[in-house]
Structure formats: structure tokens, C-alpha cells
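Fit chain to chain and form the complex, with the hints in mind.
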Amino acid sequence: MLVGTRKGAFILQGDKSRRTWKPSGEIMIGSIVNHMVMDPRDHQTILMTAMTGHLGPTIFRSNDVGRNWKEASKPPAFPRAPEGQKGLVLDHNFWLSPGHPGEPRVWYLGSSPPGLFRSVDDGDTWEGVPGFNDHPKWGTRAGDEEGPPDGSTLHSIMIDPRDANHLYLCLSDGATGGVFESTDKGRDWHPINRGLQSDFLPNTEAETGHDPHCMRMHPLDPDRLYQQSHYGIYRMDRAQGIWDRVGLNLPKENDISDYSFPIVLHPRDADTVWVMPLDGGFPLGRVTPNGKPATYVTHDGGKRWKRQEKGLPKSGGWFSLKRQAMTADSHDPVGIYFGTTGGEVWASPDEGESWRQIAHSLPEIYSVEVAELGG
Amino acid sequence: MNVSIPTPLRSYTRQSVVQADGATLAEMFTDLERRFPGLRFRVINEQDEIRRHIKIFVNQTTAEDLCAPLSPDDSVRIIMAISGG
Numbered sequence: 001m002l003v004g005t006r007k008g009a010f011i012l013q014g015d016k017s018r019r020t021w022k023p024s025g026e027i028m029i030g031s032i033v034n035h036m037v038m039d040p041r042d043h044q045t046i047l048m049t050a051m052t053g054h055l056g057p058t059i060f061r062s063n064d065v066g067r068n069w070k071e072a073s074k075p076p077a078f079p080r081a082p083e084g085q086k087g088l089v090l091d092h093n094f095w096l097s098p099g100h101p102g103e104p105r106v107w108y109l110g111s112s113p114p115g116l117f118r119s120v121d122d123g124d125t126w127e128g129v130p131g132f133n134d135h136p137k138w139g140t141r142a143g144d145e146e147g148p149p150d151g152s153t154l155h156s157i158m159i160d161p162r163d164a165n166h167l168y169l170c171l172s173d174g175a176t177g178g179v180f181e182s183t184d185k186g187r188d189w190h191p192i193n194r195g196l197q198s199d200f201l202p203n204t205e206a207e208t209g210h211d212p213h214c215m216r217m218h219p220l221d222p223d224r225l226y227q228q229s230h231y232g233i234y235r236m237d238r239a240q241g242i243w244d245r246v247g248l249n250l251p252k253e254n255d256i257s258d259y260s261f262p263i264v265l266h267p268r269d270a271d272t273v274w275v276m277p278l279d280g281g282f283p284l285g286r287v288t289p290n291g292k293p294a295t296y297v298t299h300d301g302g303k304r305w306k307r308q309e310k311g312l313p314k315s316g317g318w319f320s321l322k323r324q325a326m327t328a329d330s331h332d333p334v335g336i337y338f339g340t341t342g343g344e345v346w347a348s349p350d351e352g353e354s355w356r357q358i359a360h361s362l363p364e365i366y367s368v369e370v371a372e373l374g375g
Numbered sequence: 001m002n003v004s005i006p007t008p009l010r011s012y013t014r015q016s017v018v019q020a021d022g023a024t025l026a027e028m029f030t031d032l033e034r035r036f037p038g039l040r041f042r043v044i045n046e047q048d049e050i051r052r053h054i055k056i057f058v059n060q061t062t063a064e065d066l067c068a069p070l071s072p073d074d075s076v077r078i079i080m081a082i083s084g085g
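These protein sequence lines are chains Y and F, in that order. Going by our numbering, the final residue of the first sequence carries number 375, and the count climbs one at a time with no gaps. Going by our numbering, the final residue of the second sequence carries number 85, and the count climbs one at a time with no gaps.
Bound conformation, chain F alone (with noise of 0.2 Å):
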């Protein structure tokens, strides 16, 4: 499946969409620390958490954890929000 790496992870990826496999959310990111050791953590908290104000989308569906299902075609898309200060 195709994942939007957002800018400021893309110093992990190098590119803003990378492929990735998975049944879940929760292996997609296994798949991904696989290849970009450290990008996991600053998405997702040391409980298996969604990161406050970063949102998941898997196509147009807001997934509400890491259990969320994915098939291949399927497109993920990780957005923080621009707030802060």
C-alpha cells in the first residue's frame, strides 16, 4: 500500500510516499521501523498509542488505532496537525 510520509518524517523516508505492507496498522508500522528504525516511535507512543494530534487516515477514514484493517490497495495518509505556536 502507498503511505504519505509527512514532511516532517521524511527525514526517516526520504520521500514523501513510500510503500509499505501490512494487515493492520499496527504491522504497516512494523514494516515501516523495519525499514526507517525510529519513524514508529514519534508517530505512535510507547502504549501502542496514535500521537495526540496526529491523525491516520486509511483512504478517506480516520483509523482510531492500530488495529485498523488495510488491504493492499488501500492508501494511508499520516497528517499532524499544524497547530502549536
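Pulled out of the complex, with its shape left as it was, chain Y reads as follows (with noise of 0.2 Å):
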């Protein structure tokens, strides 16, 4: 488990039962570590955002499966504005993405304010995708200045496993907010937000203006797409191109809407769905409704949802996780994994019909990977 959070990184070791865990590494201490992705092209090359104190944003690059670090030589960067002219300045690095399978190497990453880069060697320098950045609709420069209280972010970036040139991002921003979709490897990018209803907007049903917290499309299905909103838990037949918001169907019960961040598809049946549903009624708590912490899933595309609670606090368990803190692995029966803000991370070896606590005491936990090594 690649382990990113607010002050430093931790990497934890898992048996092949996946049942015992151990940490096996600290990584820069006292740095801000957003993400932290192993390459699953070649399960020994990690990325990992980072920011050091008031030092710029950088990242960091491990070829070693995380024994040694080398610095980006030329981390993400806005261009230098012309003369007279004010400038972007990248604030920090947000979500990382391995590129298309055929393209070894590539990465894109996405950050705040929201900006789009490509690195084509193995992350050590990266460019400004134009095609988005620059964008007059819905580039950097056209967003809200203010954004959400972090900060507007690029996140989500999703590559088509059938097309490299096929791409997909989220914004979370208040005026461009929303999903995008490129088919030509960037150049130009269209809104994907039909159906999705954002009850702040004047039109709910704006083309732009939403606030995605984490989407994701299956692997195995590429035209599965899932979104965790700010306002529900949305599914996307990508033929249809319309939100249908599935998050409707969650059971009236325990005071659970379908508000969260993260969101977590099973490797191989699009049908199967993970979230932990928080608070987000007014004061916008963000914990676990009650204190009582429970991953619901479903296996008919959000038709119908479960809840999976054994081995979670029954009760004083006021969690609160972010949209990259919940992922799962490829194996079967697959595990699924979340870490929170409060330092722990919980693993379920069964796909969610039993919890353990694998590590606490952590720093506030941003984000949470899967590192498969081997292959």
C-alpha cells in the first residue's frame, strides 16, 4: 500500500493472504504528499507528488519500488507569462496517472490550480498540455479564481485502455467544474455533464459549474464510466452520454445519502461498485454518518446497493476520507482499502464483507494505492 498524506509518505507490506500487514518504509517526512502511484506497466517505477514546507511543488521518482528517490529534473510548471502580463503558478500537484499501456513511460498529472501535464519520460519532466490549459472555455485561466477552500484541482484523469489519443479528466472549480473528454490526446476537450443535477447551480443541469470528486472508468469496460459528485453517486453507459444517478438506489437507512469523495470499481465486472457514504447535509460534516462507518456496494451497476459493515466500529467511528484515499487490487476475491483522515488505514481482504484495521497513528491520509509487484 502506497500511503500519501499530509506529512510524508509510508509504504505498507502485505502478505499474500493480504490479512498481515507491516510498514516498510518512510518516505520524506514533514512533505505534503498528495499521490503516490506505482506504475502497473512496469511494478517498480512510483511517482509521488510532493511539497516540502513553503517550498515549491516537486515530484519524486522511484525506479526501486520506493528505496531510492530521485527529484524530477523538470517538475510540472506553468509557461512564464509575457511581460506585463500575471502568470499562473502551479500550487501543488494533485493526481497522478500512468499513461496508455502501449505508451510506457507516459504519465499525465493533474493540479491546482487546474492544469494538465504530460511527462513522456518516466515523470522526470513534464509539459503543459495546451490543449487543455490553454482552453477559452474551460482551460486554467477560465476558472473561478477562488474555487474550493484547497484550491480548484484537475483529478480523475482516465486513459482508454483501447485508445491512447481517448482521455478523460474532472475539474472541480466553481464556474468550468465537471467532466471532460478529449479523443485527440488532448487538443481539444468537451463537457461530459448531461444528467448530472448540482443543486448550488442557478441551472442545475449547467454544462459546466459541477463539482466531480472522483470518477473513474472501468478498466475492462471503457465506456463504464462512475462518478462520485459533489450531489450523488452517477453512472455513465458512455453510448448513452447521459448521468444516471445511482446513487438514488442507496437504501433509506442509517441517515446515508450518496454523498462521499472516493469511489472504487472491481477489476473486472463493471457492474460492481464500492463507496463510504459520509455526511454531506448541512454543516457539510464529512464524517461517517452516526459514527458508524460502512462500505455499501453494488454488483448490478447501482441498481440495488449492500451495506458491508463487519469489523468497523459499530459506534464513535467519525470517519472521513478524500477522493483518492479508497482504491482496490486485482486479486480474487478482490481487497479494498481505505485510509482517513484520522491516520488509519483499513483493509478488507473479501471485498468489503470484513474490515480490519492495518495501520493507525498515521498522518492525515490523503491518498491510498494499490502496489502490485511482480506483475
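Each hint can be trusted.
Restricting the straight-line Cα-Cα distance to at most 30 Å, the calculated cross-link-like pairs of lysine-lysine (BS3-like) are:
1) Y:K314 / Y:K16
2) Y:K86 / F:K55
3) Y:K74 / Y:K185
4) F:K55 / Y:K74
5) Y:K70 / F:K55
6) Y:K292 / Y:K7
7) Y:K7 / F:K55
8) Y:K22 / Y:K310
9) Y:K70 / Y:K22
10) Y:K16 / Y:K306
Keep in mind that the hints were calculated from the coordinates and are not lab data. Please read these numbers as outputs of a predicted model, since none were measured by experiment.
Structure below.
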């Protein structure tokens, strides 16, 4: 498990059963690590976003599964503005996505302020993708200067495994927020937000201005998309092109709603999805309702959901999760994992049917990702 | 000139004080970047501004920007705020 936190990164090593875990590394203690991701194409390279104190944001790379790290020689940065014009300053690197399987060494990154960056050399050097960043309608400058409290963010970069030119990303931004698609490797983009209903918008069904928290594309059925939005859990079958709020099918129990941040897909079954509902009502507690954490799973694409709580606290479990802090492995049965802002990591080796805490007392967790070794 | 390096940047320099050349802060950072790649972007943003919460002192004076003139016997200190949490 690669765990990114507010005060460094941590690696947890699990045995084959995924029931026994031990810490095997602490990396850059004190640095803000939003995201740490292993390259699934070589099971060796790890990239990590890092911001240390007030120093500028950067990327660190490891070619030996996290034993040694080297800083990117050219981290993501916005272009120098012409004389007399105000330029953009990248605040932090937020989201890392390995590129298409047919393009080894290519990575994508989303930043705050929202920018899309690409590396073609394993994350050593990065260039902005001008097709998005300079887009007159949804590019970096088109967004809301304020945005969410931690800044407007570009995230959930998805690459269609069938076609390296086919990309998705999400913007969390007051003015331009939503899901965007490109079919020409990022030269042009269009919103795909039909069906989303964001109650905070004057026009609840506007083309942009939504707030996707996390979006996932199924790796084996890339035309199946799921989104955890500020206003619900949605599914899209790309051919239809309309988001369907499947979160309304969650059972009316335990004061849950379909508000949350992360969303996790089964690696082989496009109809199976996990969420962990959080309190989305005023004053936006963003903790597990009533202190009773549970995951909910669907096996039919969101028509019906089942509560999973065995092993989780029955009371006093005020968990909050960030959008990158829940993930799955590719084993059978699938292991599900989440990390809380309270510094706990929980694991289920049986697809959410039972849970156990595998780490505690870590700093505030920003992300958890599985690193499967050996291919 | 002597340049005092704060602790967070010593992973680049391996020293707390280094020698550098330059007639301005901009030139000095060019010299530092040549010898310690990556250091400049941690202190100076992509718009060539000194990052927030970082101050650079030339002798006893706070430098406002990279145009600050330097002479060979000046003492430069890079200071990071200890705020954060």
C-alpha cells in the first residue's frame, strides 16, 4: 500500500493473504504527499507528488519500488507569462495517472490551479497540455479564482486502454467544474455533464460548474464510467452519454446519502462498485453518518446496494476520506482499502465483507494506492 | 558571495553555506541552479517571483524581487517562514 499523507508517505507491505501488514518505509517525513502511484506497466516505478513546507511543488521518482528516490529534473510548472501579464503559479501537484499501456513512460498529472501535464520520460520532465490548459472555455484561466477551499483542482485523469488518444478528466472548480473528454490526446476537450444535477447551480443542469469529486472508468469496459459527485453517485454508459444518479438507489437507512469523495470499481466486473457514504448535509460534516462507518457495494451497476460493516466500528467511528483514499487490488477475491483523515488504514481481503484496521496513528491520509509487485 | 541555505534546501547543497556568483539575485540563482539542479524552482516560482513565505535577505535588507543587486562581498540568506501546521 502506498499511503500519501499530509506529513510524508508510507509504504505498508502485505503478505499473500492480505491479512498481515507491516510498515516497510517512511518517505520524506514532513512533506505533503497528495498522491503516490506505482506504474502498473512495470511494477517498479513509483511517482510521488511532494510539497515540503513552503518550497515549490515537485515530483519524486523511484525505479526500485520506493527504496531510492530522485527528484524530477523539470517538475510541472505553468509557462512564464509575457512581460506585463500576470502568470499562473502552480500551487500543488494533485493527481497522477500512468499513461496508456502502449505508451510506457508516459504519465499524466493534474494540478491546482487546474492544469493538465504530461511526461514522456517516466516523470522526469513535464510539459503542460495546452489543449486543455489554454482552452478558452475550460482552461486554467477560465476557472473560478477561488474555487474549493484547497483550490480548484484537476483530477480523475483516465486513459482509455483501447485508444491512447481518448482521455477523460475532471475539474473541481466553481465556474468550469465537471467531466471532460478528449478524443485527440488532449488537443481539444468537451464537457460530458448531461444528467448531472448540482443543486448549487442556478441552472442545475448546466454544461459546467459541477463538482465531480472522483470519476473512474472501468478498465475492461471503458465505456462504463462512474462518478462520485458533490451531489450524488452517478453512472454513465458512454454511448448514451447521460449520467444516471444511481446513488438514489442506496437504501434509506442509517441516515446515509450518496455523498462521499472516493469511488472504487471491481477490476474485472463493471457492475460492481464500492462507496463509503459520508455526511453531506449541513454543515457538511463529511464524516461517516452517526459515527457508524460502512461501505456499500452494488453488483448490478447501481440498481441495488448492500451495506458492509463487519469489523468496522459500531459507534464512535467518525471517519472522513479524501477522494484518492480508497482503492482496490486486482486479486480474487478483490481487496478493498481505505485511509482516513484520522490516519487509519483499513483493509478488506474479501470484497468488503469484513474489515480490519492495518495501520493507525499516521498523519492525515490523502491517498492510498495498491502497488502489486511482480506483475 | 556567501549564501546561507535553510535546512529544507540542504538536500540539494549538502552544506549550510555555499559560495555563489552573480550581479543580481537572478544571476545568483542561475549559478546555484547550475550547481544544485532543482533548487531554484523550490524558491522561485515559474513567474520568477520569490515564493510566498520565503524571504531573501541581502545583508540586512529584504529583497523584493530577483532584480536586487549583489556585490561579491554581500551575504545572502534564504529564510523560510516557520508557519504551516
